[in-house]
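Protein sequences, first through last, are from chains B and Z. Taking numbering that gives the first Met the number 0, the leading residue of the first sequence gets 0, the next gets one more, and so forth. Taking numbering that gives the first Met the number 0, the leading residue of the second sequence gets 0, the next gets one more, and so forth.
Treat the hints with caution; some may be incorrect.
Unchecked claim - According to the in silico footprint, chain Z covers these stretches of chain B (three or more CB under 8 Å from chain Z):
(1) 13-20
(2) 47-59
(3) 225-231
(4) 277-284
What the hints assert, rightly or not - From chain B, some residues computed to sit far from chain Z (all C-beta separations above 12 Å):
(5) ASP28
(6) GLU70
(7) GLU167
(8) VAL292
(9) ASN309
Simulated from the structure, these hints should not be mistaken for lab results. Since the structure is predicted, the reported quantities are computational estimates derived from the model, not experimental observations. Every residue gets a Cβ at the ideal spot worked out from N, C-alpha and C, and that includes glycine.
Protein chains: 2
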Amino acid sequence: MTNPVPMAEVWRGDFLESVHHGHAVICDDSGQIVEAWGDPEIVVLPRSSSKMIQALPLVESGAADAYRLWEEHLALACASHNAAAIHTDRVQAWLDHIGRGEDDFRCGAQEPRDIEMRDALIRAGQQPCQIHNNCSGKHTGFLTLTKHLGAGPDYVDFDHPVQQACLEAFEDVCGEPSPGHVIDGCSAPNFAVSLHGMARAMAYFASAEDRSGVRAEAAARLRKAMVAYPELVAGEGRACTELMRAMGGRVALKTGAEAFFIAIIPERKLGVALKVTDGSTRGAECAIAAILVKLGLLDPNHPATLKRMNAPIRNWRAIDTGIIRPAAGFC
Amino acid sequence: MTNPVPMAEVWRGDFLESVHHGHAVICDDSGQIVEAWGDPEIVVLPRSSSKMIQALPLVESGAADAYRLWEEHLALACASHNAAAIHTDRVQAWLDHIGRGEDDFRCGAQEPRDIEMRDALIRAGQQPCQIHNNCSGKHTGFLTLTKHLGAGPDYVDFDHPVQQACLEAFEDVCGEPSPGHVIDGCSAPNFAVSLHGMARAMAYFASAEDRSGVRAEAAARLRKAMVAYPELVAGEGRACTELMRAMGGRVALKTGAEAFFIAIIPERKLGVALKVTDGSTRGAECAIAAILVKLGLLDPNHPATLKRMNAPIRNWRAIDTGIIRPAAGFC
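Chain B with its partners taken away, still in its complex shape (with noise of 0.2 Å):
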């Protein structure tokens, strides 16, 4: 096993205060590493990373058509997002649709990460439901897939036909067995793999347009969705939406918990998967803002990249205090 490298260092004044190591991939369409930092190995977690995944079912089961599910429903799918009014109006609104109501959501109620919708919830004496948890998108793609099998309530169970059918299509487009599963923050199984299996999963949606078959063409309508609305996958000032956002649609990105990243670069058919193994997501949005602008798709001069991979650290003044910045060596 190869150590983790030093991916990004916190710098107060003229001091290292902290660093941040991980793991990372970058695999071709035919599966094979392009380049790798740290043990390509190594097996992960990929948590809300593999949401894109995790939809594949919807789509391909031809649940998304038959509910006439547009591509802002397949973005919300795939979607760590931030519960403003943008996100939880269209989630009501398609659990509506379904006929479908929070009540059967399986997620767990999440104050919101939009400030603006947290206070308005505070001004008006209202608690956090389910729909406010950064998972309702891809839950109530889960619930449409579930009635759309006729299958029963409890779609996070990991023998539910739901979860079995995203297992299957995990282990396929990562290209091999998963070792294991975990319950996620939102209860639903997340499944293990090798970082290597998750950034060839990653290439697998960079070229699905070469690829044939029900669940190639899932894959890209996903991959577009998510770079349709950058918006609506995570939220404004979020990492996800402002990087997709800077490179024009050209990649699309996801983060997921505990300092895990992923890229898909259709262009190049090349994914890439990152882990910091601390779990620090700053650590990790430095490190995927690096790797792209290696990559030559990201401008490292504009404001969405300036603000994590030479982020001043300011302080309750605004004063700068430091900044956080790619590792010496690093890409």
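Got chain B sorted already, so can you dock chain Z onto it with the hints?
The following block gives chain Z in isolation, referenced to the frame of chain B:
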């Protein structure tokens, strides 16, 4: 330089998902290292873990007695508090008492960590102010000393008499010159030091009764204030507060930003300083708890201990999905 060692592991199901590495030193009252992990001579920024040192000039100058400060004020001067009412009411009263106001602060406004206070502000349509800054106790101490010295209003300037007094005290108790300073989150200078030097300073506080002079007397008073008012040093639910309570006042604890932690152990005349290299608070809390258990000071089965070093990771539906625990082989 010795590499940092694995200190804490984050497991999800059967998979090791994230790891935190760090450096730590236990130092005795002669300044010698009793035990160390990683590199004891690494230069660190102790951040808020140095607040009891930054409060020394307030006491040793005579300002604390001139203004008849109580033990609870000294605890607040060492605090990174939640901005609950127990903290903000006392800071406001202390400001009134010294004839100063919120606009004399230089710490900046910060949203309260205390949810009740945060929500009350939002419902009232009020913005957080500088009194809600987690460092407002330290800054009231700075203002008290500033007034006592008849010094100028910009008390966070490195050249200000208050900060120069802090630096002199810092280098004295650390037993080594500081290689430089940075600007902290609250805009005060924060002095760099070796991890060994910081542990030596904590051993100074632990053995203050064996020493003579106003500085040693001030150190003993501040240490006693911290353990007498654990709820003022941090707040309900926080590691410093809960672990100090769990040890019944035998040990003073203080966290700092970017995963710093210290312990002051009077009965053994020991000081502990710890830095998790990735800046993750959960890692530092797990590691300091593990060291305190190893030293026989903290009950491994106390709920406050279990919350840090065998902490269940519960998801949005309160399902146990994983655990944070000390790394194999650490302590």
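We went through each hint and held it up to the structure:
1. 13-20: Coverage by chain Z holds here, the residue count being 7 at a Cβ distance below 8 Å.
2. 47-59: With 0 residues close enough to chain Z, the hint is violated.
3. 225-231: Violated, because only 0 residues of the region 225-231 of chain B bring their Cβ atoms closer than 8 Å to Cβ atoms of chain Z.
4. 277-284: holds (count 4)
5. ASP28: Non-interface label on B/ASP28 holds, nearest chain Z Cβ at 28 Å vs cutoff 12 Å.
6. GLU70: It holds; B/GLU70 is separated from chain Z by about 27 Å at its closest Cβ, greater than 12 Å.
7. GLU167: Holds: least Cβ distance 20 Å, greater than 12 Å.
8. VAL292: Fine: 22 Å to the nearest Cβ keeps B/VAL292 off the interface.
9. ASN309: 18 Å, holds
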